[in-house]
Amino acid sequence: MSVSMTEKSNINLKTTVSSKKTVHTDKDKVFHTRDLNLWYGQTHALKDINLDTYEKEVTAIIGPSGCGKSTYLKTLNRMVELVPSVKITGEINYNGRSILDKSFKVEDLRTHVGMVFQKPNPFPKSIYDNIAYGPRIHGIKSKKILDEIVEKSLRGAYIWDEVKDRLKENAYGLSGGQQQRLCIARTLAIEPDVILMDEPTSALDPKSTLRIEDLIQELKKDYSIIIVTHNMQQAARISDRTAFFLNGEVVEYDQTDDIFTNPKDNRTEDYISGRFG
Amino acid sequence: MSVSMTEKSNINLKTTVSSKKTVHTDKDKVFHTRDLNLWYGQTHALKDINLDTYEKEVTAIIGPSGCGKSTYLKTLNRMVELVPSVKITGEINYNGRSILDKSFKVEDLRTHVGMVFQKPNPFPKSIYDNIAYGPRIHGIKSKKILDEIVEKSLRGAYIWDEVKDRLKENAYGLSGGQQQRLCIARTLAIEPDVILMDEPTSALDPKSTLRIEDLIQELKKDYSIIIVTHNMQQAARISDRTAFFLNGEVVEYDQTDDIFTNPKDNRTEDYISGRFG
Amino acid sequence: MKYVDANTVQKRMNTRILKNNILKYLFLIATLFGLFVLAILIIQVLRDGLQWIDWNFLTGKLSNDAERAGIMGAILGTFWMMIVVAPVTLILGIGTAIYLELYAKKGVFQSFIQTNISNLAGVPSIVYGILGLTIFVRAMDLGNIVLAGGLTLSLLILPIVIVAAQEAIRSVPQHLSEASYGMGATKWQTVKNIILPAALPGILTGAILALSRAIGETAPLTVLGIPALILPFPEGIFDKFTALPMQIYYWTLDSSLVAEYVNLAAATIVVLLLLLFLLNSTAIIIRNKFQQRY
Amino acid sequence: MADNHTKPSNAVHVREMIHQKKKVKNFSQVLEKSIPVFLFLFALISILTTAGIIYTLFIETIEFFKIVPIWEFFTGTVLKPMSQNPEFGVLPLLSGTIISSVIAMLVAGPIGMMAAIYLSEYASDNVRRTLKPLLEVLAGIPTIVYGFFAFTFVTPLIRSIWPEVEATNILSPGIVMGIMIIPMIASLSEDAMTSVPNSMREGALALGATKLESTFKVVIPAALSGIIASFVLGISRAIGETMIVTIASGSSKNFTFDITQSMQTMTAYIVEVSGGEAPAGSTIYYSLYAVAMTLFVFTLLMNLLARYVSRKFREEY
Amino acid sequence: GSDSENNASGNNGNSSEENNSSSNNNEEENNEEIEELEGSVVIDGSGTVFPLMSRLAEEYMLNEQEGVSVEVSRAGTSAGFEKFLQEDGTDFNDASRFIKEEEQQKADDLGIEVKELKVALDGLTFVTHPDNDWATEMTPDELKSIFLADGGIETWSDINPEWPDEKINTYGPNENHGTYEFFYESILEEQDLVDDVNLQQDYSTLVTLVSEDVNGIGFFGFGYYVNNQDKLNAVHVDFGDGPVEPSLDTIAEDGDYAGFTRPVFTYLNVNNAKEKPQVLDYAIYVMNSVNDFAGETGFAPIPEDEASKLVEELEALK
Ligand SMILES: Nc1ncnc2c1ncn2[C@@H]1O[C@H](COP(=O)(O)OP(=O)(O)OP(=O)(O)O)[C@@H](O)[C@H]1O
Ligand SMILES: Nc1ncnc2c1ncn2[C@@H]1O[C@H](COP(=O)(O)OP(=O)(O)OP(=O)(O)O)[C@@H](O)[C@H]1O
Ligand SMILES: [Mg+2]
Ligand SMILES: [Mg+2]
Ligand SMILES: O=P([O-])([O-])[O-]
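Protein chains in written order, with the numbering used here: chain A, 1 to 277; chain B, 278 to 554; chain C, 555 to 848; chain D, 849 to 1165; chain E, 1166 to 1483.
Hints in this document: simulated from the structure, not taken from any laboratory.
A hint or two may mislead.
Said to hold, decoys possible - Below, simulated DSS-like cross-link-like pairs (lysine-lysine); rule was C-alpha separation at most 27 Å, straight line:
(1) A:105 / C:573
(2) E:1271 / D:914
(3) E:1271 / E:1441
(4) A:141 / C:565
(5) E:1441 / E:1474
What the hints assert, rightly or not - Among the chain C residues that face chain E by a calculated CB cut under 10 Å, a handful are:
(6) 617
(7) 793
(8) 809
(9) 812
In this text the structure is predicted, and so the values were computed from the model without any measurement.
Every residue, glycine too, gets a C-beta built ideally from N, C-alpha and C.
This is chain A alone, in the form it adopts within the complex (with noise of 0.2 Å):
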C-alpha cells in the first residue's frame, strides 16, 4: 500500500479498534505449547511450535495460505486428528493436563474448547435443534433447560431478537452472518472455556464481519479465544497478541501492537506489506 492511504485508515482504526485493545501478561496460561511437530503423512506442516495463549484474551494467527494456521488451530481440539495420516510429537498443555495423551478423551476435550469455523456450519435442521444438539448429546432431554440453554446461548451471540420468533425454521434460511453467529451460539450452548475461530468471517459481507468482531470483543469477556485470519487489519483491531506462521513455523509472536508497528523478523515486514501472492 502507499503512502498517504495509511494516513486516512489510520483514523479509522483508532476509532473503531484501539480502544478495545487490552494487553496482560500476568493472566492464566489456557495452551502452553512446546516442540509441537506436526506431519500429514511426507509434509511436515507445523515445525517445533512454541506458544502460550492466555485466559480472557483474543489471540489472532496470522500468516499466508498453506503456512499451517489452520492445522495448529485444529491441534488445540485434536480435530486435526481426523486426517488419518496425522503424527504429532511435542506437547500441549490445556490448563495443565497434556491434551495429546490418548487418555484425554477428545469428546471431553471438545467439550472444552468450542471451535467456529471458516464456512458458517449450522447443520440442516431448525434453529432450536442447532443449538440443542450439543447439550443433548450430552444427556440434557429437559425441555425447559434445553429452552433455557437455547436462549441464552443465543443472546450470547446477539443472535436472539434476530430469530426468536423462528427457532423451528431450517438454519439455512438465515443470513450468512447469522447462520455464523448461530455456530458461535451452537459452541456457546456446550458452555466451553475456549472458543478456537478459523477465519470465521472470511465468508462475510463488511456489515456482517463488523458485528462478529464486536461479538468477539463481547465474548472475550467471559472466554479466551484464539483466531485464525488472513485479514491482518482483522487481527490488529481485534487481538491482544498475534502469532505469526510462515511455512509451519512460528515467526514472530508478540503483542499485537508490536507485531504491527515494530515486527522484529524480516519475513513479518514482508507479509504485512503485502509481498505474498
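Fit chains B, C, D and E with the ligands to the given chain A structure using the hints.
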C-alpha cells in the same frame, strides 16, 4: 493496518514499484465499455459499467470476492458466453468495433484478446504442444514455423532457458510459477494485442509472483494488459490505472496512484483499509 | 449459571464412547459380510469347476457327453457379440454424452433426454430382451443371430456407457476448455483436441465395465431364444450362436439329467469370471495409467 | 531473468498467417455446423429405445386385454396359461415378485446401510479404497452366477437348517438377490453420506459428539434423500432381477405367501414363456407382453420415485 | 476331465461301428451321394424327447454332415407346436403325444404339410423319494386318485392304512408339456387335477423337487427317471398281473408296462424338407439311427420295420 506499519511498507513500495509506474492519457483506447449490464439468470452481476482501457498500459481491477471482476474480464473476450444463462446489454468497443455484435466472431476476438487464468491451466500435453496448440488450431502446420513460434513465445515469457531441454515433456512436470509463465507464453504464441489476466499470481508463491510481476512490466511494452487481482499491493505495484469494483458496479476508476493515495469514494477507502471480510 | 453439569457429562461420556466402539465393529462385520459371501461363492465355483477345465474343455465343441463337452462355441459367441456391442455402444454412447454435456441447451428437452437415460438404466434387462425379440429378431427378421443379440445388449448397456462418458467429460476441468476457447479455438476443435483426449481414459474405463456387464447378461438372451444345443462355431456376426452365460444356464438346469453338468456350469463360470477379471483389470490399468494430473 | 527477451515482432508473423488461413476454413465451418446435428441424432437413439419399449409392450398388451379383461388379469389368483381352459391372473407372479424383493431388501437394506456407514464414517481412506471396490465386485458378478450359487449352495444350506424348505423356493433366491444388491445400497448410500459436507461432521465433533452421534443425528438425516433413493433403486433392481429366481425358484404359479415354496416372478414367467422365440399370435404370447408391461411400469415408477426423492428432499446446505 | 479324449474317441468308435452294423443297406446309398450339405435344421418341442434328439443331432453333426447345424431346443410339446405351426416355423417339433386336432387344423390352414415320425416308446414313470419304502407298488387307479381333485386321497394312509399319515405332495410338468397332456387326457381322462399340484417347466426342477421330498410323488418320462435312479424310486404299477417295474424292456412295444406307455414323435414340416435338403437328410438320418440311441437315452426302440417304412417314405420325398 495500523499506523506505523505503513511507514515501513511505504519504503518497500517506493523501491520496487513506484519507478515503474507510468501514466498516459493521450494513448489510444483499446476497450471502450458503455453502460454494460450483465445477468447470470436472475443475478445482476455487472451494473452500468463504463470503463475505458488504454493501449500498452496495465489496467488493474480490484474489489472484494464476487464483485464481478472476473465477469467483466471474461466479457472482454466473450468467454462469459460459455455460461448459458448469461444476458448482456450495453456496448463494448474493441479498437472501434463492437465486440458484442454477433457478427464479430468470438474465435476472431479471442485471437486478438488473449487470456491468462487464475490457476495455471496448461493442457495435459507436452510443453511444445501447449505452445503450438494455438497456432495449430489456426491452421499453421509447418514444423519449422511452429518451432520458431514456440521458441519465440517461450522467450517472450522468460521461460525458454528453463524448458528448452524438455520441450517434449508433459507441462505438468513444471512448477506452478513455470506453468503460469508457460500459459502466458501460450497466449503470446497467437500474438494477441491484449492480454487479460485473472488473478494470475494468486496461486503462486512470493518468488514466482515477483517474476510474473516483472514479466508483466516487460510485456506492457508490446501488449495492453488488463489484470484482475485481489492483492491491492500488487495492483499498486504494477498497474497504471485501477478500477475498484463493488457489487457489480465500478465504484471508482482512476490512475493507480490516485486510487490508493486519494480515493474519492468512502467504499474504496473502506476496502483499501481492509474493512472487508 | 451452568446448565451443563460436568459430572453427568463425564458419566455419560464413557457409555457414549463404548457404544460408538461396539457399533463400529458391527458395521465392519456388515461390510465384510458381502466379501465373505464372495469368497464362498468363488471357492464353491472353483471346487466344482476347476478340475474340469482343460484344453479340450476350452477349445472343444458342445456335447451331450459331459466328458467331451467344450465351450469354444460359447466363447466365440460371446466374442462376436462383443464385436458388435463395443463399437455400437462406444460411438452412440460417446456421441450422446458429448451432445448432452457440451452441445445441448440446458432446458426441458435436455433434461427429458437425461431423465430418459437414467430411467433406461433402470429398465430390467429382460425387457430389453423383449425389445430385441420384437425389433431385431422379428421386425427386422434377423433371427436369433449374433447381430441381434449384440444389438440388444448394446441398447441394454448404452445408458451405462452414456452416463460414464458424461461423467468423464464433466470431470475434465473447465479451465482446460476455457484455455482452449481463450486461444480462439472453435467448439469442435476444443472438444476434439482437449476435452475428448482428457476424458478418454474415463470413457474407456466406463465402457469396459459396461462391456463386462453385457458379457454376463443372460436374461435377454433367453428371450431371444438361444438353442440348447448348437455345435458349429459362429464365424461372424450373422451366425447363430450360444454364449457363455447361456451355457451356464442350460447346464445348471440340466444338472439333474446329467450330474456332471453342474461341474461344466461351474467350469464355465470360472472361465466367465476370469474373463471379467481380465476386463476389469484392464479398466483399472487404463484408469491408473492415464489418470491426468491437472 | 536469464532469457534473451526477443520482441514478438520479427521473423514469423503469426497474426498474418492466421488471417490468411481464416479464408480457407470452409470445410471446418461445415464440420462445426454439422457435428451437433449428428450428435443430436445419436442422442435420439436413447429416446427411440424408450419409445420402442413402450410401443412394443403397449401394442401387444392391448391385444392381450382384448382377450383377457384387464380386471381379470390384475385380480386373478390363478395362472394357467397353457391349460385347456387357460386363466391369466397375474397375482401369483406379483406375489412372487414382491416376496422375493422384500426378502432381498431385508438382507440388503440393513447390511448395505451398515456397510455404508462404516465406509463413509469409520473406515480410513486406505480401508475404504480397498473395501469399496472389493464390495463392488459383488455387483459385477453376472446374475446367472448368483443363480447357480443360490441353486447349488444356498438352497442346500438353508434346507440343512430348515428342512421344510422346498428344493426350489423363493427364500434362497431372495437372499442371494439381497447379497447382490448390498453393494448397490452400500455404494449409493455411501455416496450420499460422503457428499454431506465435512463441515457438518466437524461441527458435530467439535461439540464433543462421538462419531456414532454425528452419524445418526447429523449425517444420516442430511443424507436421507440419497439413502432412500438407494433403497428404492435396490427394490427396482430386485423386481427386475431374472436369472436368480428363474434358476432357484422353479416355475410354480401358486398364489401363496409361503417363502419355503417355489414361486414364479414376473421376470421368470417371461423367460419360461418366451423360452426360445415365442410363437406369435397366441394368448400366451400376448400375456408375455402384458406381464412385461406390468414389470416395466413397476420399475419405471420405482426409478422415477428414486429420482424424485433424491431431488425433492435434498437438504439445503 | 483329463481323460475325456480317450472317452471321446471311444464313444465315436462305438457309435460309428453300431451305425455300420445296423444300417447296412443304407450304407451304399449314402456312399453314392456323399453330398456335402450345409444350412441349419431347427428343432424344438418336447423336453422328454430332447435327450434323444440332441444326441442324434450331435452324432449327425460329428459323423454325417459337418456343414449342417442342427439346433435343438425344448420348450415343451405344446409350446413347440406353437412355434412349429407358423410361417418360417421350426423344421421339426418333438412331441411326447400325438398332434392334436386343433394343431393339425392350424397346419392345414397354414398350408403346412406335417409328417409324423414315431421315434421311440416312453413309459410314463411315477417317481417317489428313495426313502419312501411304502408306496413302492400301486395300481393305476390308486395313482390316478392321488392326482385327481375328486380322488378322495390326501394322505398316504388314505390309500393304505398302514402307510404314514402324511400329506402327499404331487409334482408334474406344466401345461407346456406333452407329458402333462398325455397324463391329463389319456390317464385322468380330462378330470381336474388336485389344486396344489406343483407343476414345473423344467424336468430338472421336478427331479430335484421329488428327490428331496419324502412325501412327494411326481411323473415324467422314463428317461428322466433312469438318469436319476440314485435319487428317485419308480413306483411299480400293477396293471392286473402283478407289479411291473418300468424298464427298457417293460416299456417296449407290447411290454408289461404298456398301460402307461406312449409313443413319442418328432413332427416334420414336409414343406421345409422339400425346400431344404439338409432337413430331409436329417429326418432320414433320424429314422435310420434312432434305435441305436433310444436305449441309452431312456427310451424303448420302435420296431425295425416301422422305422424302415418311415425311411422309405422319407426317401420318396426327395
Ligand atoms: N488433510 C491434509 N492432508 C495433507 N496435507 C494437508 C492437509 N491439510 C493441510 N495440509 C497441508 O498442510 C499445510 C498447512 O495447511 P493449513 O490448512 O493448516 O494452512 P492454512 O494456514 O490454514 O492455510 P489457509 O489460509 O489456506 O487456510 C499445507 O501445506 C497443506 O497443504
Ligand atoms: N456461472 C455463473 N452462474 C451464475 N452466477 C455466477 C456465475 N459466475 C459468477 N456468478 C455470480 O456473479 C457474481 C460475480 O462473480 P465473479 O466471478 O465475476 O466475481 P469476482 O469478482 O471474480 O470474485 P472472486 O474474487 O471471488 O473471483 C457473483 O455474485 C457470482 O456469484
Ligand atoms: Mg486454513
Ligand atoms: Mg474471480
Ligand atoms: O416336454 P414334453 O415331452 O412333456 O412335452
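Evaluation of the provided hints:
no., hint, verdict
1, A:105 / C:573, "holds, 15 Å"
2, E:1271 / D:914, "holds, 22 Å"
3, E:1271 / E:1441, "holds, 22 Å"
4, A:141 / C:565, "holds, 15 Å"
5, E:1441 / E:1474, "holds, 22 Å"
6, 617, "holds, 6 Å"
7, 793, "holds, 8 Å"
8, 809, "holds, 6 Å"
9, 812, "holds, 7 Å"
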